[in-house]
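Peer 1: Spelled out from the first residue to the last, the chains are:
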Amino acid sequence: MTGPAVDVSGLVKRYRQVTAVDGLDLSVQAGECFGLLGPNGAGKTTTIEVIVGLLEPTAGAVRVFGRTWGRDGRDIRSRMGVALQEARFPERLTVREVVTQFRSFYPKGPSPEALIGQVGLSEKSAEWTVRLSGGQRQRLALACALAGDPELLVLDEPTTGLDPQARLMIGELVLANRDRGRTILLSTHYMEEAERLCDRVAVVDRGKVIALGAPSALIGALGRESVVETIRRATLEDVYVSLTGRRLRDE
Amino acid sequence: MNEPPVRYNALIQMILCRWRESLRQPEGIFWTFVFPALLAVALGVAFRGNARPDPSAVVVVQDAGAEAVAASLARDGGLKVDRLPRGEADRRLRAGKAAILVIPGDPVTFRFDPDRPESVLARHAADGALQRAAGRRDPVAVAFQPVTEQGSRYIDFLVPGLLGMNLMGGGVWGIGWVIVEMRIRKLLKLQLTTPMRRRDFLLSHILARLAFVPIETVPLLLLARGLFGVSTAGSYAALAAVSLAGAFAFAGIGTLVASRAQSSNVVMGLINLVTLPSFVLSGVFFSTSRFPDFVQPLLRVLPLTALVDALRGVMTDGASVAAVSPQLLVLGVWSLLSFLLALKLFRWS
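From first to last, the protein sequence lines are chains A and B.
Sequential numbering from 120 applies to the first sequence in this note's numbering.
Sequential numbering from 7 applies to the second sequence in this note's numbering.
Hint data in this document are derived by calculation from the structure and do not stem from the laboratory.
No experiment lies behind these values; they were computed from the predicted model shown.
Hints are supplied without guarantee of correctness; some may be wrong.
[Claimed, not checked] Cross-link-like lysine-lysine pairs, in silico, DSS-like; alpha carbons within 30 Å at most:
1. A/327 / B/195
2. B/195 / A/243
3. A/327 / B/103
4. B/86 / A/227
5. B/192 / B/86
6. B/103 / B/86
7. B/192 / A/243
[What the hints assert, rightly or not] Covered by chain B, according to a simulated footprint, are these stretches of chain A (three or more residues, beta-carbon under 8 Å):
8. 152-159
9. 209-216
10. 222-235
11. 299-307
[Said to hold, decoys possible] If you want the ones that stay clear, here's a sample from chain A, every Cβ over 10 Å from chain B, calculated:
12. 133
13. 136
14. 141
15. 187
16. 219
17. 241
18. 250
19. 273
20. 315
21. 327
22. 332
For each residue, glycine too, the CB sits at the ideal point set by N, CA and C.
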């Protein structure tokens, strides 16, 4: 594929009084894992929902695989897999039933059994989703996102609220999918995770990208600009805090 | 590794999932099976034939000559005669436990309320018994053939009403509530990021509903038949056609109810707004003819009224599909309008 998998320029999303996204530009190259970082309310989820075609932008252009939402919607959707923050599956359906249903939405893809195996849920295949742990639910969400053998995976905060082991497991699955050549766009609050998983990150605040680059480059830039308080190695966390400030956000 | 696409038909998968979800909800099973059955049994027992006011309950006031009068009345096998003092007799009349008081004397006095039908019947019966005992000869010989006409009891009236109520509840809860639940869970949103067709999504709800019609009707019909001998005068095909038309109309109304609501409180309010007035206005528990004439045309075009009227037509009068076509037309118009409006209003994301 030529050109970026996702290309967003001058994106604005305004609700009645609130401007959630205020002139945001980013582009995700095919085959990379791209992270969206930022405090709550920075506009990450809104940006993702515009990119996956759930929201109409107020202004700006969004292209996925070089195509625009509207006429090409169904084509984009069949090449993309999405896991949304806080989406909850029906409690009394089994893992296999949920995955089979999502598989049925796509024209092609692995068998439900193979999808369940990929995310390590084979033993839970006959279990109702209500009986799954938080980490298992996120893996189920990932299996559904993978159901159409997508070129692009969009994951909105796939690890929020999970314990460290579950987060590690999701991280490994993300890396495995990137290594298979899939493009990944994810949002997260966890800096070490972004540093470990993402080839490039964009730090978003107040609806704009305020920093963009490889995690190592951002950390290096911080080291050059600021007084290093301690001897420890600067992390992406330091970059994040220096960019978005230390005070607590309202949300 | 990739499977042939035919194996996973989205519409069929969605219908299967709706079925599984519904059947795995104990509360859904309760409202669909247990609650209507309990209502049918409770109301059927409460309003069964012999609980009606009894025209044969005659009380002779204990007075001079009471014995002779009571003996004359007792010759009519159809009367149950008690002899009581005046005070107690009056109390019984007031409480509706006696149909009439007979006060011996010349003339014999009948004390009764002419507005109570059983009292009027009792007056004629008691009068006849006394006259015959005194020597009146009836010039014409008559014979009586008592029959219990099925289809005329309250339970016969009630069962089609409960069926209609069930079909309405299934539609507005089974679609309205379920879609809003999916919206609250962000599941609708998630599915919209897939190539799922919106048409299939709505269709799956409607078809899953229609497949539930036998489950919502047959057990109740069997119960009513087994316990009370409620039978269907018309054809089962007509009954099925009317039930499906009703289920379809309420599937449309359920979709309309779900089209904008984003919280369970809102959708519950909307569902109550549809269902509660219908229970009163649509002749589920009592006939709509009790309402004034000028509102009758309005009541007749309510979806539940049309459904219940058509069900009653088929079950008690043996009406054909053609005979209930006005009601089917009303249901058809409701289906069409509610679906079109729901499609226009539907909040997808």
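Peer 1: Does each hint hold? Answer for all of them.
Peer 2: Each hint tested on the structure:
| no. | hint | result |
| --- | --- | --- |
| 1 | A/327 / B/195 | holds (25 Å) |
| 2 | B/195 / A/243 | holds (25 Å) |
| 3 | A/327 / B/103 | violated (84 Å) |
| 4 | B/86 / A/227 | violated (81 Å) |
| 5 | B/192 / B/86 | violated (69 Å) |
| 6 | B/103 / B/86 | holds (12 Å) |
| 7 | B/192 / A/243 | holds (23 Å) |
| 8 | 152-159 | violated (count 0) |
| 9 | 209-216 | holds (count 4) |
| 10 | 222-235 | holds (count 10) |
| 11 | 299-307 | violated (count 0) |
| 12 | 133 | holds (17 Å) |
| 13 | 136 | holds (19 Å) |
| 14 | 141 | holds (21 Å) |
| 15 | 187 | holds (16 Å) |
| 16 | 219 | violated (6 Å) |
| 17 | 241 | holds (16 Å) |
| 18 | 250 | holds (13 Å) |
| 19 | 273 | violated (8 Å) |
| 20 | 315 | holds (26 Å) |
| 21 | 327 | holds (24 Å) |
| 22 | 332 | holds (28 Å) |
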